[in-house]
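S.K.: Residue-level listing of the chains:
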Amino acid sequence: MPDYLPHTDEDVAAMLEFLGLATLDELFAAVPAALRLNRELALDTGSPEPDVLARARARANRAAELICFAGAGAYDHEVPPVVRQLASRSEFVTAYTPYQPEVAQGGLQAIFEFQTMVSRLFGLPIANASLYDGASALVEAVNLAVGATGRHRVLVSAGVHPNWRAVLATFAAGTGHQLVEVPLTEGRSDWSTADSEEAGAVVVGYPNYLGCLEDLGAARAAADARGALLAVAADPVAAGILKSPGEWGADVAVGEGQPFGAPLGFGGPYLGLFACSSAHVRRLPGRLVGETVDADGTRAYVTTLRAREQDIRREKATSNVCTNQTLIALTAAVQLGWLGTAGLAEVATRCARGAQHCRAGLLALDGVEPLTGTTPTVREFALGLRVPAAVVQARLAEEGFLAGVALDQLVGEDGDGSVGAEEAPNALLVSVTERRTRTEIDRFVAAFDKALR
Amino acid sequence: MSAAGGRAASAPLVGREAEPTIFELSRPGRRSYQLPTSGFEELGPDELVPPEHQRSEPVALAEVSERDLVGHFTRLSHRQYSVDLGAYPLGSCTMKYNPKVCDAVAALSGLSDVHPAAPAELAQGWLATLTELERALCELAGMAAATLQPAAGAAGELTGLLLMRAYDEARGERRQRVIIPDSAHGTNPASVTLGGYEVTTVQSDERGCVDVGALRQVLDDDVAGMMLTNPNTLGLFEEDIVEIADAVHEVGGLMYYDGANLNAILGVVRPGDMGFDIVHLNLHKTFATPHGGGGPGAGPVAVAGHLADFLPGPRAVRLESAGPDDPPRYGWATPARSIGRVHGWHGNALVLARALAYIEVHGRDGLLRVAERAVLNANWLRRRLAGTLAVPFDRPCMHEVVFSAAPVHKRTGASAHDVAKGLIDEGFHPPTVAFPLIVDDALMVEPTETESYETLVALAEAIERVVARAERHELADAPTTTPVRRVDEARAARMLIPTFDARR
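So the sequences go chain by chain: E and A.
Letter by letter, the first sequence follows residues 2 to 454 in the numbering used here.
Letter by letter, the second sequence follows residues 14 to 517 in the numbering used here.
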């Protein structure tokens, strides 16, 4: 029988005797007899590890073999062996939350470095130790803004990822936030459509989920006119070459940190990035690591401003987050350490270069139109096709490509303020990372042409 | 000391000199990254980004060689305690050994290299994985259906409360209050507030369980439900659970099960059979997915049949096959009255895959043995240490036992906190300190089933030595064997330095 339990029969017997018990079952005497399961669980008996691995291999997915042109917040970036190995060190993998800082300096320092990197990336002085994913970071950003302003109305650009908006709506049922969708025109938020009532937050993507560069100056003005904070959902790779949210005047910036070392992983575990201005540090959600000293005056690290957190403030806490994504944050710190100043800029440039080439190639095909007019894009772009996007996806899968993300999968058949009902079924979002070579892109464009016919 | 029989206690951590930050290791011009050959001529941002959007300077990150990168993070790893190094008896955290086969499953390219928006036809293996895991978790919890989206226990709690709310609204009601015991995890009240409810706290009785009389006094038709951990945070089984559940159901409330302590009862008794309607499961506790120093976890929420229609979507479902001999097909479906998404994609999928592997390798027989040995270990420690520390609720416990260092504190001035620091010098990670809040100087010990008899003996002896040191007033300086000595937490909050750039 496969077993990770070290007890020999003699151990069990001796321990039971010490407790004055005859059987293991007597350990559960406190459980009322009527409640006991009194049957075996309807699960298989335990399998040896090789069998379990074989079963897992049999669940391999065709999508894993395809050359990936899909993005929408989940990207196929290079993760080098050195990052995989360092992030797999079992000291990091099998530790708990650093409640005892003296034996957790390694993880704490790595997160301190991560916070510094996120702060510099987003151009804001405070960054937390991470949240679950980009969507949850956005929920927390809105909660912070509503708490800081006392206003529950929130203007959300339709350019924010549809899944993130859906998560925002789910949790708004509990907090009572009133979400107002601001539609896109040619791929950009049209703030003039929103009424001028006061609001707690204005939320915008940069670039937005269709890949377009929003006018953040206009978003800042829309926030100021309503007494709202500006929350920017930023693509952290594109941020390598774009003006930072902080420089644009954002109060809060959030992002999906998966591109920094996490595999596609069918959507998780990913990494919620969260940064804000100093004014809001006491409303910061999640953990925060700070530098301090030990009893000898040596530099040391510890989770700090703990008084914000759920285990101390309980029902008055700013957030209920405790366990989050520390290992993925540490992985991101390693990945960003590997990339360095030049590497991040080069990855962002490469993505943009490849995307521009791919977009030009696809737009030259018969039956392909831009979905967002002439608005500039960086590393992904939306297209309107002559045939349903799902059909193109299926045909390109036969040619070895994951063609992109069919937008009706994200916004539904009826569309939303970003993609209308008429456009949705034929809309495809295509993304290019630094892993895509010119040859792959050219082959993709040729196969795409065939798939449209 | 000899370590016959597999005693798990760490060697002291390495590194008395402070490790510089990666920013201090940086030298302009060093680099470790390499990108694939692209076939493109080089273009700069000027040709790719409109000027008003361009960053004026690159993001200042560290510039280090690969050798320095490896050295830095390896040295950091040597300053980090972990389960793989030794016992980690943190109460309520279930820090058991994590079988490596589960990591191997998660690392398979066929699973880890799958885009979350890949069409269902191209992701059949993942959909099969998710439906299998959902079935297994429902069987273990005695529930009808589950969502795998919540990324952690607290996310599961909030999901459960929103389910409660949706159920309420579907009945045309708007109840305002949720009851939690005073021994509850801090996430419970925080989640209740975020779910739009008010917290009503009910005290524990002298036996450490919910005071049923006090509970009845706060129950009325304004109560949406009750959140309960069973075994509770004192490690005690709530023996009146049927009476509690009946009382809450009688006023139309729902019973919410906080699965933090499910490890104690696998295959013995199920939350559904106790009368719970909503259950969250911490896969990073019971199902051994590694904690990662504070995540990623996973907090699936399972519900009884009357709540299945409200679950988040989309959910992976098995489709009807065309014929009896056809292979199973899977797709996505969103429940009719779904509360909506609670995760950007499908949850922490690679954590979910690990949990399924853990369940498969253990099976129904292995999971029962897990519960039995977890409870055996905790009770052995309770009995063994009863003369050394106070046991406020001294009767058989489940998977964890709460001691009190209050008598030691009173006698010697050394608090539970000091005892914890002393234990670090003995090579063990300390138990949970100062929780649950209803016990003074609490030391909450959860040895888990994967620690051996020899380890338990070594841990008990270490605690005895630490208490003896307390009697000699020797704990004020502890720990002394660690890379840093006792850390000044108050200073960290007072003079906040949350980034390298904030240093003065």
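Just to be clear, a hint being listed does not mean it is correct.
[Unchecked claim] Just so you have them, the derived chain A footprint on chain E, three or more residues with Cβ under 8 angstroms:
(1) 73-82
(2) 114-126
(3) 382-393
Source of the hints: derived by calculation from the structure; they are not laboratory data.
Built from N, CA and C at the ideal position, the CB exists for glycine as well.
S.K.: Kindly indicate which numbered hints from before are broken by the structure, ordering the numbers from low to high.
M.R.: Of the numbered hints, just 3 does not hold.
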